[in-house]
Amino acid sequence: MAVPLGPTTTQRAVDQMNSSSMRGVPSPPVREAPRNDTVWVPDRWVPAPGAPQGVFEPGHWVIHTPEGGRIAPPPPRPDALQGP
Numbered sequence: 005m006a007v008p009l010g011p012t013t014t015q016r017a018v019d020q021m022n023s024s025s026m027r028g029v030p031s032p033p034v035r036e037a038p039r040n041d042t043v044w045v046p047d048r049w050v051p052a053p054g055a056p057q058g059v060f061e062p063g064h065w066v067i068h069t070p071e072g073g074r075i076a077p078p079p080p081r082p083d084a085l086q087g088p
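Per my numbering, the sequence shown runs over residues 5 to 88.
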């Protein structure tokens, strides 16, 4: 059985596409730091030897120890492919 196409069917399809594309996207809630001694470091470009433009370091959590040390992911390598 063929569905007759006409202005009503086409307009309804367009209206459905418009309404679904105009819907708002929910924002995720802000995440709390997992621990008191944890600090969020956002994406950044850091200076590095052999990389005049610096190297990209993605955002990460840093933990400060009671002794004054830092626990963080290893720094990026200047010879690795860079980019956000």
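Do not take every clue at face value.
Distance windows between CB atoms, simulated [claimed, not checked]: (1) E71 - N22: 57 to 63 Å; (2) P33 - H64: 44 to 50 Å; (3) A76 - G54: 38 to 44 Å; (4) V29 - R74: 34 to 40 Å.
Honestly, the hints are just simulated from the structure, not real lab data. On a predicted model such as this, the values are computed, not experimentally measured, just so you know. All C-beta atoms, glycine included, are put in the ideal place defined by N, C-alpha and C.
Against the structure, the hints come out as follows:
1. E71 - N22: 57 to 63 Å: Since the Cβ atoms of E71 and N22 sit about 59 Å apart, the hinted range of 57 to 63 Å holds.
2. P33 - H64: 44 to 50 Å: This hint is violated: roughly 20 Å between Cβ atoms.
3. A76 - G54: 38 to 44 Å: Violated, at about 21 Å.
4. V29 - R74: 34 to 40 Å: Distance hint for V29, R74 holds at roughly 35 Å.
In this structure, the hints that do not hold are numbers 2, 3, in rising order.
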